[in-house]
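*Asks:* Please put together the full structure from these sequences, using the hints given.
Sequence order for the protein chains is A and B.
If you're matching positions, the first sequence starts at 1 in the UniProt record's numbering and goes up one per residue.
If you're matching positions, the second sequence starts at 1 in the UniProt record's numbering and goes up one per residue.
Source of the hints: derived by calculation from the structure; they are not laboratory data.
Predicted, not measured: the structure shown is a model, and the values here were computed from it.
Every residue gets a Cβ at the ideal spot worked out from N, C-alpha and C, and that includes glycine.
Heads up, a few of these hints could be off.
[What the hints assert, rightly or not] From the derived model, a few chain B residues whose C-beta atoms are all more than 12 Å from chain A: (1) Arg180; (2) Leu292; (3) Lys304.
[Stated by the list, open to error] Chain B stretches covered by chain A per the calculated footprint, using a threshold of three residues with CB under 8 Å from any CB of chain A: (4) 159-168; (5) 261-272.
[As the list claims (entries may be wrong)] A short, non-exhaustive set of chain A residues, derived as facing chain B with CB atoms under 10 Å: (6) Ile46; (7) Trp142; (8) Arg236; (9) Arg243; (10) Gln253; (11) Lys366; (12) Glu380.
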Amino acid sequence: MSTSATIAKVLSLSLLISLAGFMSGCVNQSVKHVNATRAVHAEKEIPQAELLDVNIAVFDPGYTEPVEEDSGIFPQVRKAESGFIPYRLRETLQSTGHWGPVRVVPSPNTSSELMITGKIIESNGRDLELAVKAVDASGRVWLDKTYDETAASLSYSDSDPSNIDPFQDLYNRIANDLLKSRKDLSSKQLRDIRTVAFLRFADDLSPDAFERYLKEKNGQYSVRGLPADGDPNVQRVQAIRDRDYRLVDTLDQHYYLFGEQIQGPYDEWRAASYQEAKNLEKVRKEAIGRMVAGAVGVAAGIYGAGQASNGAEAAAAYSGVIGGGYLLKTGIDKFGEKKLHVEALKELGESLSSDLKPRVIELEGKTITLSGSAEAQYQEWRELLKKIYANETGLPPKGADDGSAADKDR
Amino acid sequence: MFPVFRSAQGFRRWRLSMTALLSGALLLSACATPPTTPPSSPQPPPPPTSPSQPTEQQQSEQQQRDEQQEAEEKASREQQQAEQEAQAAAEQRAAAEEAARQREQARQGAPADNEQQWPPPPPDEPPPSQAGSPADAESAEAAERAARSAPAGGGGQTDRERNEELNNELSRSLSGFDRRLDRENQSLSERERAQALAAEQRRRENAGGGGSSGSGQGPAGQDGDQYGYSAPPPPGATGGGNMPKGGQRRPGSPGDKEALPPAPDDVPSGQDDDIVARQLREAAENETDPELREKLWEEYREYKRNNR
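*Replies:* Encoded structure:
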């Protein structure tokens, strides 16, 4: 073999090893704009009768017990997020001026004018993915889709004084989609939703008196007729509904205070978690790149050594093997580094979990107790309305065979 | 022995007593179903038959006996009258109850009748008991009249009374729920205030260490807010830029726990503190400004009082 051929071989081997080395250091860089999507705000006053009340149920935390250790899910953190994310969405929707009162409630309520439910698919400070569904009182689905967002590093920067949530874009997109659905409805449709919501509430409390006014087909509700003016049943149900509004306000206040309370520690966790998740991703990519490049270098070196016809070629091949081996080793070392970041993330999650646990328990305790006692209260009102209706009309209440007729004569 | 009367008045009194006694006896015998006999009054003592003049003591005793007898007879008459009235009222109540039962039976009727009445008419239509057959209507009206005349609290309530009672019950229940929510909201307001104070406290602490953000120069015009009411800005906070990051207390500043006064004596121990009370207590313990510190302790005391 000529000298020139030898030089060419050595050069190509070196180039291959260099390329492998370059590949190992290659990391994707993406540019993320903060608050790129703005929520559309109302420009003119919306008639009161068309302002829909919005209830947002606490989200499904998106995990099932027992949680796998390496899943990166911390139940207490997820539970806190299942109340915190609706709280952030509430703030966003309320700020747009397109809606009536927006409230966070413990569970979905069929008589809400617009009910939003959701599930957390992923949340780790860097990525947030949510499945969101909105259904109005008449059963019309406004939206049912998945939203995801990756936080920008600037969002967690101390130099950013705006205090904008790192995932505000996501909330803004949900708000804008809801607005789009709302704009597709006529004024009459919006008013009908409000009427149906009242009638469904009334029907739930006093089916004897209100069932006839509603029509239901395949989960879609419409107004069949309206009670007479001055109907005392309507006045009674309205009095109870006023209490229901107060109850919802009170429950919402619990979530509001909870959101305010955990904002600080949760933000700190998200910032630290974001950095760790980012480092972890970087390390993972580097480790894979180095290991691939090392393997290629070693293989090329071994092949070159086998083909070497002189000392120089053999030396180049051996250096390829050594270089590849080194890259392989650093790749393996990087995997060790990756473990450190995983551990760091775990520690962060556990630390926040222990911080949030008493607050989550307190929130759950308060809202469950309040909702539970309210439900017992509603049951009492249902019975009373049933008796009043039976007494006024002289008709036996529905379900009289189950002993409620006996109650009437009590 | 016959009584000897000193005067005509005494004789007339004796004669009246005897007449009343006889009338009472006749009345008792005339009653077919006599009510419970009142405790029988003792028979008047036989009139003295001695023709001899009674002594003054005897006369006085006689007079007392006459008066006692008269009072007892009066009481007996009143009791009889009251019992007769009670019996009449009981009969009336029984009649009202019977009428109400009849009305209820007429209303419920046979299953076939129920089917005819279903679906229910709108609430503004008259109730079916008024729209039934004439016989039913008559029966119901009679029952209504009887029930109306029955005393309140009896077994036979009118529809209106029952409706009123149920509506009152609903109103009471709603008021009770209102009170419950009022209490809940009051507790939430206190909690909100506590959180706001704690947040303000944290903000101050962070602002105190806020020279860390890079330039080391505090935002213009915010110095007063940054360092509390009267606490002087810590050295370096306005220019050094070497303070620890937000959230950490300034070393050597009045914010250090060792340099702070202990909790006032009248402050309850924090052993049973809930999360809000703990926050308030921590905020008060770490507050450097005496005025704000006292306000925080007051908030803590109030919260503990209200949540005892």
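*Asks:* If you test the structure against every hint from before, which numbers come out violated?
*Replies:* Violated hints (numbers, rising): 1, 5, 6, 7; every other hint is consistent with the structure.
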